[in-house]
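Here the protein sequences line up with chains S and D, keeping their order. The opening position of the first sequence corresponds to residue 3 in the working numbering, with each subsequent residue numbered one higher. The opening position of the second sequence corresponds to residue 2 in the working numbering, with each subsequent residue numbered one higher.
Please note: incorrect hints may appear among the correct ones.
Stated by the list, open to error - Using 20 Å as the maximum straight-line C-alpha spacing, the simulated SDA-like pairs for lysine to any residue come out as follows:
hint, chain 1, residue 1, chain 2, residue 2
1, D, Lys161, S, Leu8
2, D, Lys59, S, Leu4
3, S, Lys15, D, Leu39
4, S, Lys15, D, Lys161
5, S, Lys15, D, Lys59
Don't read these hints as lab results, they were simulated from the structure. These numbers come from a predicted model, not from an experiment.
Read off the chains here:
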Amino acid sequence: MLTAPLIIEYPFKRTTGPVIGAFMTGLRERILVGSRAADGRVIVPPAEFDPVTGEDLTEIVEVGPGAEVTTWAWVTEPHAKHPLDRPFAWALIKPDGADTPMLGAVDAGSIDAVHTGLRVVPRWADEREGRIEDLACWVPERTTPANVEYKRS
Amino acid sequence: MTAAASTPHSEGAPLAITLPASLQGVELVRSVRTPAQLDYQFTAGAATSRFLRGIAQKKILGERCPVCGKVYVPPRGACPRDGVPTSEQVELPHVGTVTSFCVVNVAFYGSSMELPYTSANILLDGSHLSLMHLIQEIPADQVRIGMRVEAVWVPDDELKPTLESIKWFRPTGEPDDVNVDIPGEDHGTGLGSWVGGVAPIDPRGTH
């Protein structure tokens, strides 16, 4: 029987509007931003409308880069479209200064290295163009970067 | 009245937002590419594999239903009406009649066709199911239902088990077959007939 690869692709391009555009711009510039809601909370990624009052949200504020894992799930067998080709954690991650968490992949190496409350920082893609993949993944924050050198010696 | 309605921004004007200092003066992102891609492994099935192997030998092979006698091309291995396997293979001529067509004036992603071009349903002589292909070698605005067309193949050394081995169909120059049976309109009499045999109602007429 004959078989062949069949790829169906819809090449959508969508306009962002100023609020989501600010978030995408931030990613390109290696800066995380959120929007400040009417009650003072900071929503990340920025929401265009206040979740309570429905007002336009227009104040974009910088958050992070440090962040905290609020919940997570370990992926033992990543598939082709996952952001990492090795086991990793999908996690909800709350950047410092934000009041809401956002979804991200954590390149932690092993399941034992992940826990709720884990401190993480972004790993940025080398080439960025203002899209979510600019934030390649999150990695555990190294409080003692000398560790690596220490082990080698 | 909602809170949003109490603080409107003027219609059509961009929303005035304030950016953190770190993003002031940089060029703002206005759009993102968000392609949706589905990767399949397509398996042709036994009947369509037989058809495609025929195409690689420059043959168009249909299959006949042993009950109703209809010839399906490309074959799917069974008669959709009688629910029985179509075991008899029928080699069809490379000539047929346009039963429907569409002139494409808008380029779409992934297509290398020069505009405008015509995509048509073509009923090969001796078959009872139209196959879809391109019509070329005639201006798009001259393509019509009933037009007689013939397959134009790629050179023999480029034949492969794909319908792309037929480059397109072109007019044969024969007189139109205006009485062509349009598949799916079995209850009518060819052109303009009504699917299901329901007669059109004259909107001004009496009942």
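The hints, checked one at a time:
1. Taken as a hint, the Lys161 (chain D) and Leu8 (chain S) pair is honoured in the structure, with Cα atoms around 16 Å apart against an allowance of 20 Å.
2. Between the alpha carbons of Lys59 (chain D) and Leu4 (chain S) the distance comes to roughly 17 Å, so the proposed pair stays at or under 20 Å and holds.
3. Taking the CA atoms of Lys15 (chain S) and Leu39 (chain D), the gap is near 17 Å; set against the 20 Å cutoff, the hint holds.
4. With a C-alpha separation of about 35 Å, the suggested pair Lys15 (chain S) and Lys161 (chain D) falls outside the 20 Å cut-off, and the hint is violated.
5. Between the alpha carbons of Lys15 (chain S) and Lys59 (chain D) the distance comes to roughly 41 Å, so the proposed pair goes past 20 Å and is violated.
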